[in-house]
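Counting with my numbering, you get residues 1 to 1064 for the letters of the sequence shown.
Just so you know, these hints were derived from the structure itself, not from any lab. Please note that a few of the clues may not be correct.
[To be verified] Pair ranges (Cβ atoms, derived):
| no. | residue 1 | residue 2 | range |
| --- | --- | --- | --- |
| 1 | ARG536 | ARG780 | 24 to 30 Å |
| 2 | GLU945 | SER896 | 56 to 62 Å |
| 3 | TYR656 | LYS484 | 34 to 40 Å |
| 4 | SER705 | PRO219 | 31 to 37 Å |
| 5 | ALA158 | SER896 | 46 to 52 Å |
| 6 | ALA890 | GLY1008 | 48 to 54 Å |
[Unchecked claim] Once the Cα atoms are required to be at most 30 Å apart in a straight line, the calculated BS3-like pairs of lysine-lysine come out as:
| no. | residue 1 | residue 2 |
| --- | --- | --- |
| 7 | LYS8 | LYS623 |
| 8 | LYS863 | LYS686 |
| 9 | LYS624 | LYS509 |
| 10 | LYS509 | LYS623 |
| 11 | LYS509 | LYS8 |
| 12 | LYS711 | LYS686 |
Virtual Cβ for every residue (Gly too), placed ideally from N, Cα, C.
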Amino acid sequence: SGSTGRPKAVMVPHRGLVNYLLWSAEEYRLDGGNGAVVHSPISFDLTVTALFAPLLRGQRLVLVPEEQGIEGLTLTLAEGSDFSLVKLTPSHLEVVNQLLAEDQAAGRIRTLVLGGEALSQKSLAPWRRHSPATRIINEYGPTETVVGCTYYEVPAEAEPSESIPIGRPTANTRIYLLDESLQPVPVGVAGALHVAGVGVTRGYLGRPVETARSFLPDPFATAPGERLYRTGDRARFRPDGELEFLGREDHQVKIRGVRVEPGEIEAGLLEHPAISEAVVVARKDDLGELRLAAYLVGKDGEVPSAGELRRFLQEKLPEAMIPALFTPLPQLPLTANGKVDRSALPAPGVAQVDLDVAYVAPRSAVEEILAAIWAQILGVERVGIDDNFFSLGGDSLRSVRAVALAKERGLYASIEQLFEHQTIRELAPVMRTTEAALPPVQTRPFSLISEADRALLPEDVEDAYPLTTMQAGMLYHMQLNPDKPAYHNVNTWHLRAPFEREVFLEAVKRVVAHHAVLRTYFDVVNYSEPLQLVCREAELPVTFVDLRDLDPESQRAALDEFWERECREVFDISRAPFLRFHIHRRTDETFQFTLTESHAVVDGWSTSSTLAEVFELFLTLVKKKTPRIRRPLASSFREFVAMERQAHDSEESRRYWTDKLQGATSTRLLRWPGYPQSDLDTDYKKIYIDFRPEVVEGVRRVSHSVAVPLKTALLASHLKVMSLVSGSPEVLTGIITNGRPEQLDGDRIRGLFLNTVPVRVKLPAGSWTDLIRGTFDCEREMMPHRRYPISAMQKSWGRQPIFETTFNYLNFHSVEALLRSGELEVLEDDEKDFSFTNFTLDVNYFLSPATSNVRLTLEYDAKQIADPQALRLLGYFDRVLEAMALDNLAPHYGSSLLSAGERHLQQVEWNDTATPMPSEKSVAWQIAERAAATPEATAVMGGGEELSYGELHRRSNRLAHYLRSRGVGPESLVGLCVGRTVDMVVALLGVLKSGAAYLPLDPSYPEGRLRHMLEDGGVELVLSQETFRSRLPADGAEIVLLDADAAAIEAQSDADPEPLASLD
1 SGSTGRPKAV MVPHRGLVNY LLWSAEEYRL DGGNGAVVHS PISFDLTVTA
51 LFAPLLRGQR LVLVPEEQGI EGLTLTLAEG SDFSLVKLTP SHLEVVNQLL
101 AEDQAAGRIR TLVLGGEALS QKSLAPWRRH SPATRIINEY GPTETVVGCT
151 YYEVPAEAEP SESIPIGRPT ANTRIYLLDE SLQPVPVGVA GALHVAGVGV
201 TRGYLGRPVE TARSFLPDPF ATAPGERLYR TGDRARFRPD GELEFLGRED
251 HQVKIRGVRV EPGEIEAGLL EHPAISEAVV VARKDDLGEL RLAAYLVGKD
301 GEVPSAGELR RFLQEKLPEA MIPALFTPLP QLPLTANGKV DRSALPAPGV
351 AQVDLDVAYV APRSAVEEIL AAIWAQILGV ERVGIDDNFF SLGGDSLRSV
401 RAVALAKERG LYASIEQLFE HQTIRELAPV MRTTEAALPP VQTRPFSLIS
451 EADRALLPED VEDAYPLTTM QAGMLYHMQL NPDKPAYHNV NTWHLRAPFE
501 REVFLEAVKR VVAHHAVLRT YFDVVNYSEP LQLVCREAEL PVTFVDLRDL
551 DPESQRAALD EFWERECREV FDISRAPFLR FHIHRRTDET FQFTLTESHA
601 VVDGWSTSST LAEVFELFLT LVKKKTPRIR RPLASSFREF VAMERQAHDS
651 EESRRYWTDK LQGATSTRLL RWPGYPQSDL DTDYKKIYID FRPEVVEGVR
701 RVSHSVAVPL KTALLASHLK VMSLVSGSPE VLTGIITNGR PEQLDGDRIR
751 GLFLNTVPVR VKLPAGSWTD LIRGTFDCER EMMPHRRYPI SAMQKSWGRQ
801 PIFETTFNYL NFHSVEALLR SGELEVLEDD EKDFSFTNFT LDVNYFLSPA
851 TSNVRLTLEY DAKQIADPQA LRLLGYFDRV LEAMALDNLA PHYGSSLLSA
901 GERHLQQVEW NDTATPMPSE KSVAWQIAER AAATPEATAV MGGGEELSYG
951 ELHRRSNRLA HYLRSRGVGP ESLVGLCVGR TVDMVVALLG VLKSGAAYLP
1001 LDPSYPEGRL RHMLEDGGVE LVLSQETFRS RLPADGAEIV LLDADAAAIE
1051 AQSDADPEPL ASLD
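Throw the hints in and build the complete structure from the sequences for me.
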C-alpha cells in the first residue's frame, strides 16, 4: 500500500482474496471470450483481477512485456479481439484512447474494468461510440480491502456530464460513511469511507500502531471481533444507494481557512468540453500562501484561457474553489501503476494574465500606481488597465491588500468599489485622494430625496424616500417576472367573532390613516432613483361575500376557487396599498378572513400588529365603546431607510462583514439526482411539523438555564442540521434580522424592517449547551452590524449567493392578548397560507401566540430540493430538538440524528451482500482443479511462450516443493521480483501452493525502495531472474533465480503439495 509514498506491506488473507476473485469472475462474466490481457505490474493490486480471476474460469492470460508499456497493451488490443477482460487505470485509458484508432475499439473487449482513480465520462466516449457492447465497470478498492470493495456498471445511456459513482459493495462487503464520531452521515453528505466484511485484511506487517489507527472495531457488526477499515477516502451516498467518490481526505486543503476538495474542482473542469484531463493541487506562492493550481490537458492539445476557465467555474463553484493558476500540460505525469503522480507536477510558475484581453499600458500616474500594486500582490510580470483583478488570481484577501497598499500611496477606495470596478480602467476614476466623511443622517419628510425629485412629486404625496436594499431586491424579482407571485403572501383563517360590515370598514379606515406604510406605493422609473411615495389618503380594499346560504361542501368549493385566484392576483406596485382584506361569511357567528399582502412593504411583525390593531378597534366599536386616542407616531419607516444608508457607509460594519466572510464557503444542500423536476408555476412547496409540547417545553427550559432566548436555541438547532446535511463543522447560512429603530414607537411603526445577514459559525465541540452559548455569542457579536445591507456584502462576495438557506423566527405576540381575551377565536379546521421567496430553503420557526407551541415550516424550491429530501430534513430538525431537550449536557456530536429507517437503509439494505463461499480452497488449488478438468487448454501466453493448464500446474507444484525444501511454509513471506513472463505466473502459484505469502516487487523500482520493502517485510527468500539480479541488494535475503536455478527446481516432484488447512 502506498504507490507514491513510503510503502507498507498489507497482509491479505486467502479468504478475502478468494471471496473477491470468485465475485469478480462471476460479475465480470469471465466464462466467455478470449481471456484477459495482463499489462500492469504485479506490485499493483489492480493486476490481481486480470491475473487470477480468468484462471478460475479456465480462461487464458495474455501477458504484455513490461518493456512495451501501455503501447504494448494498445498493440495487443489492436491485433486481438473479444478479450474477456481488460483492467486499467483511467489515466492509462486516456493514453490508450490516444494510441488506439477509434474504429479499432469495436469488438476488442467484452468487459473493461477501470480502477485506481476517479473516472470521467469523457474517457469513455470513444468506447461508447465505437464499441457500445463493451461493458464498462468502475471499480473502487484500497489494497487493505483486497483489490475491489465497490463497483458500478456505467450505463450506455449515461449523460457526458454525469459523474460516475463507485457504486455498491461487492460480495460479503459492507460500506459505511461516518463522521468524526463514527456516526453515519445522512444520504448526500460527505463522510469518511469505511469498509467491513470478508475483504478487510489483517493490517500492516510489523506496524501495529498504524494497523490500530486504520483498522477499527466494527461498531455495527453482529458478530464479535469484526473490524472496520478507515480508507482515508471521502464519499457520499446518492439517494439510490450508489456511492459517489469525492477524493482523498489527505488531498483536502485549506485555502484562506476554507476546506477545499480538489476533486470537486477537477470534476468541474472536466465538464468543460475542451478539457480531457485535470488535476488540482495547492501550491505556495512567493508570499508563502497556499493557492490552488490547476494542471490541464486539452482535448485537442489546446487549453482555454484562464479567463474563460474562471468564468466557466464561477457558474458551478464558490469563489474560494476557483484556481488561481492554470497550467497546460501535454500529458499528466503517471506513477508506475498508472495513477497521476501529483508529486511530479511541475511548478506552475508566474501566473499568466488573462489571454482574452490585449495588454493596454497605464496612461496616468494613478493607473501606474495601481498596476504596480496589482502586479506585486498577484505575482504577475505586468498588468494592463483592462486586465481583470480576479481573472489574474485576485481574491478577497488580496483585495484587502490592494486597497491597503493603495491607501499607503494616497489613493482611497473601498473593497466594494474594487469588486464593482474590477479593472484599472474602471477603478482609477473612482479613486479618491482624501477619505470622504460620511453624511449626517436626517429624518425629516422628503429629506432623503433630491430637491429635483421632490419638485416632481404629485400633490397628494405627503412623504417620499428611497427604497431599502431588501425592497429593491424584491421589486427586481417582482418586475423580472410580473406574473409570478414573488413575495406575494396570502393567509386565511376561519374565525369566530361578532361581525358588522360597516364597523369593520371604519376600523380599517382608521388604521390605514394611522400608518404611512399602508398608504405607500412605488415609482421606479420617473425619478433619479426608485422611490416609495406616501399618499395622504388611500383606501384598503375589503371585499365581502356571503356564503351562509351554501352547504359546507359548496362553501369549501367556493373558498378553494377564491384561494387559487387570490394566490395569482399580484399587486400593481404603482398603486397603494399593498394589502387586501376578504371576508366570507360562513355562519352567523363565523367568517373566513383572508389577508393578502406584499412582503415588499410589510414584514411579519407589521402584518400581525396591523391585524391586531384592526380587530381590537373593530371589537371596541362593535361594543359601542370609545376607542383610545391614537397619537401620531414618533418614528417612521423613513428613519429606518436613513439608518440603513448610514450602516451601508459605515467602515466599521464593512470591515466586520468583510472579516466575517473572509475565506467562507456557502453551506449548500445536495441536489438529489433522479427525481422529477417540479412542474409547479411557483416552483415552491411547504411542509411543516408541530413539535410535541413536551419537546418545546424542554428546549424552553434549556434556553432559560443558559439565559438565552428561545430563538437562540432554535437557531442552534438550525445550525446543527445544516452542519449535519453538509458534512461540515462550519456553517454559513442566512438569518432574518429585525432592524427596527431603537427609539420611541420603533416597535409600533409598520414597514419592512428586515435584513438577511450571514451567520458563519464553526460548531464548537461539547454539549448542546455549548452549542447554544456559541450561537448566542455569534448573534450578540453581529447585532451592531445587522443593518448593513446584504446587497453590499453580495457585491464583495461574488456572483454566487452568499447563502442558499435562511433561518427565521416568528413570534407575533402582538396578537396574543387579543386571542387570549376570547373575543376572537381561531378555528383550526381551515387555516392555510401561501408565500413565495427566492431562497432554496427557508426554515421558519413560528411560536403560536395562542398555544405557545412551535411550528417549523420548510419552504423549499421544488426544482432544487426533492420532496423526499425535504421530508428527511424535517425529521432531522425534529430529532435535533428532541436530543437537545432530552439532555442538553450530552455531546451534540455524539447523537445519531438519522432515523431508524435511514440507518436500516444504509447499514442493512444497501449492505445486503452476504454470499455463500462456493469453495473453501485457496486460489491456487481452485486453479489446480481447472487444470485437472482441462489440462490441454492454454493458460498463459507471453514472451513467445505458452503454457497449458497442465504444464502450469506441474511447474508450480515443482516450485512449491523446491520452496518447502528451502524452509518456506505457512506464514513465510517470499519476495517476487520477476518480469511479465510465464515464469511470473508459475512463481505466483508456486509460492501460494507452498503455503507462503508473496510480496510483489516491481523490477523498475529504485534499489533503495526495493531494499526498504524487503527489510520492512522481513523477507528471507526472493524469487527473481538473472535480468534483475543486479537490482536486488547483495546482502540480506536469499535469492533464487528461476532461470539460473531451473535445473534444481525442475528436479522436484510435480505431485500436489499438502494444501493449506484453512483459508484464514
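Check the following: the C-beta atoms of SER705 and PRO219 are separated by a distance inside 31 to 37 Å. holds, 32 Å
Taking only the CA atoms, is the gap from LYS624 to LYS509 under or equal to 30 Å? holds, 17 Å
Tell me if the straight-line CA distance from LYS863 to LYS686 falls inside 30 Å. Given pair LYS863, LYS686 holds - Cα atoms ~13 Å apart, limit 30 Å.
For the pair supplied as a hint, LYS8 and LYS623, is the alpha-carbon distance within the 30 Å limit? violated, 89 Å
Outcome of range test on Cβ distance (TYR656, LYS484; 34 to 40 Å): About 35 Å separates the Cβ atoms of TYR656 and LYS484, which means 34 to 40 Å holds.
Would you say the C-beta atoms of GLU945 and SER896 sit inside 56 to 62 Å of each other? holds, 59 Å
If you draw a straight line from the CA of LYS509 to the CA of LYS8, is it 30 Å or shorter? violated, 83 Å
Between the beta carbons of ALA158 and SER896, is the distance compatible with 46 to 52 Å? violated, 34 Å
Given the hint that LYS711 pairs with LYS686, test it: the Cα-Cα distance must not exceed 30 Å. Holds: LYS711 and LYS686 sit about 21 Å apart, inside 30 Å.
Holds or violated: LYS509 to LYS623, with C-alpha atoms at most 30 Å apart: holds, 18 Å
Between ARG536 and ARG780, does the C-beta distance stay in 24 to 30 Å? Hint violated: Cβ distance 42 Å, outside 24 to 30 Å.
Do the Cβ positions of ALA890 and GLY1008 conform to the proposed distance bound of 48 to 54 Å? This hint holds: roughly 52 Å between Cβ atoms.
Figure legend: structure checked against the earlier numbered hints; hints not met, in rising order: 1, 5, 7, 11.
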